[in-house]
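What follows is each chain in one-letter form.
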Amino acid sequence: MSAATMTPAELKAQEKAAKKAEKERQKRVARDEAAERKRAAKTGFSNPANPTRSIGLTIVCAIFAVYCLFPFVYLVINATKTQADFTSTFGLGFGHTFALWDNIVTVFTYQDGIFGRWFVNTILYVVVGAGGATLLAIMGGYALAKFRFPGRNLCFAIIIGAISVPGIALAVPQFLLFAKVGLTNTPWSMIIPSLVSTFGLYLMWIFSDQAVPDELLEAARVDGAGEFRTFFQISLPLLAPGIVTTALFAIVATWNNYFLPLIMLKDADWYPLTIGLNQWKDQASTAGGQAIQNLVITGSLITIIPLVIAFLCLQKYWQSGLAAGAVKE
Amino acid sequence: MSEQTLGAASAQTGLLPEMTSRHTAQARINKHKADWRGWKFMWPFALVFVFVFIIPIVYAIFISFFKKQMIGGTKFVGFENYSRLFVDQQFWSSVWRVALFTIVQVPIMLFLAAAMALALDSMKLHGTKFFRISTFLPYAVPAVVSTMIWGFVYGAKYGLVGSFNDFFGTNLDVLAPDVLLAAIGNINTWEFTGYNMLIFYSSLSTIPHSLYEAASIDGASEWQIVKRIKLPELRGSLAITVIFSIIGSFQLFNEPSILQNMVPGNAITTYYTPNMYAYNLSFSGNQSNYAAALAITMAVITMAIAYAVQLRSMKEQMK
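Chains A and B, in that order, give the protein sequences. Residues in the first sequence are numbered consecutively from 299, following our numbering. Residues in the second sequence are numbered consecutively from 913, following our numbering.
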């Protein structure tokens, strides 16, 4: 049966079955490998692709993993505390009351629900800024990898040089220029600088170089496809893992950006989450300000959850994408 | 292919059919002529890049030669801002601080990252996948959040350090002025070790496994494989991580500026790092011309160091 004659339901069922088979295959492989290790331990022979697991090394790495993960644990635990419990009880133990839901509700209602506004702003900056940055990086990287156009070498030199220019050298003049054009304190001041991702460009250049064969492009051109059609129909699907990696890193850079909004935005209504949270945190140290550390911590937790989930779900893609990027140094 | 498909393709891309056909025909005839097709894809990036990078840099260089005056507005002063910077004690103290920070923190972080990458790549861990993701996860946390968490942890009043002091009767203060830089270094190490680990790990995973098999059949020990195959492979990505880390720590801003209000007293001054100094000069001090000179100087220093390191590592690779 060809794919064209199948109903969507059948296709879905087929996909599910394929996934299940793949899962079972992986289980079998893991079982076989474990058996091989057992045999190898007995005979003293070791396969370098499947060595004996070391408990000592695992423990050393576990110590490091604890170091990496304990701030997350601290954040989750303290998000369940009231302000009074936060200042009075042990940091890694739970408080007297379980206030997680109260905290979440208060975070979204405090100061007329400005946190929700910050969240929407952040999403706007990420979708337009990081989305645009990804698109520009894909196209630029593709151009650098697949065409020998006049000025290509100059592009390289300038971009590599630009990577080493400190952000502050740019931020101050960027601010002054944006102020002249009247763009400061608008979403554009956050979005336009986010559109450039030199790391993404580098990644997409290397990825296009490897993933898109020249012969395929030639074939499409001989068949009469225009450059853009070749790009969208032939190259883009081949570039998928690299695109996910580039997008993910652009999203992190924009979502976590602190310096840019700090200088560009004065109006709290346009703040992204990072600046908003910092303002809440500083409220404790201003004269007469009410300390709201419980809200700061719960807000922080809400801020990082989307990115953590994205990284966990897209593991397969960004790891293979980075691996490809590392081939060429 | 028929004329129709070509038309459809051009319609899709919004180009006139005659333009496309003439263009490809021309490309076929004059192969030696410049091939401008790449710019069709390059121009959007180049345009934004010029607007966001090139023009601001040129503008920064331009305004660094001027000075705002109480009377008479802005005046051209030549290199006066630079010569003033050269004798500015606050500026140099901030430069030395980030230099010290770089010399200590970057090697520790990269050593941890490389060790972790080697451990993951050895496949000798129980639960490799778990370790890979858990050590990388801090990278997904914004600097604001990670600095705040660590700031709360460091707190001597109600942080973990405070609890530790209560329990053991000690009097530790990791936010005291003389250890503050190390406390900030720890935050940075926490944030970026996983990211560097992943770069190392990616380059290790490109080594074909047949190489290890061949080596072990030839009687190479585990350490020999690490020393002769894996470490040389890491050297390439080391150059990149070193440069990015140097640039990153010379630009140190987020962590100290967020921590500023959490540290008792005035331990974090307005000129704690060059970036903080430039920020405070231009946004609180209204001295954007002087700040521009500072930024340009820092850019030159950073680039010089980054290139020196890169050149050295490249020379080593040539040997």
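These are computed hints drawn from the structure, not numbers from a lab. If you're wondering where the values come from, they're calculated on a predicted model, not measured in any experiment. Errors might be hidden in some of the hints.
Distance condition first, Cα-Cα at most 25 angstroms in a straight line; then the derived PhoX-like pairs of lysine-lysine [to be verified]: (1) A:K478 x B:K1036; (2) A:K340 x B:K979; (3) A:K325 x B:K1041; (4) A:K614 x B:K987; (5) B:K987 x A:K321; (6) A:K321 x A:K336; (7) B:K980 x A:K564; (8) A:K340 x A:K321; (9) A:K614 x B:K979; (10) A:K321 x B:K1036; (11) A:K336 x B:K1036; (12) A:K478 x B:K1041; (13) A:K314 x B:K1041.
Taking the hints in turn, this is what the structure says about them:
1. A:K478 x B:K1036: Distance of about 58 angstroms is beyond 25 angstroms: violated.
2. A:K340 x B:K979: violated, 79 angstroms
3. A:K325 x B:K1041: holds, 15 angstroms
4. A:K614 x B:K987: violated, 57 angstroms
5. B:K987 x A:K321: violated, 72 angstroms
6. A:K321 x A:K336: Distance of about 23 angstroms is within 25 angstroms: holds.
7. B:K980 x A:K564: holds, 24 angstroms
8. A:K340 x A:K321: violated, 29 angstroms
9. A:K614 x B:K979: violated, 54 angstroms
10. A:K321 x B:K1036: holds, 23 angstroms
11. A:K336 x B:K1036: holds, 14 angstroms
12. A:K478 x B:K1041: Not OK: K478 of chain A and K1041 of chain B at ~50 angstroms, beyond 25 angstroms, violated.
13. A:K314 x B:K1041: Cα-Cα ~24 angstroms, so holds.
In terms of the numbered hints stated before, the structure departs from hints 1, 2, 4, 5, 8, 9, 12, listed from lowest to highest.
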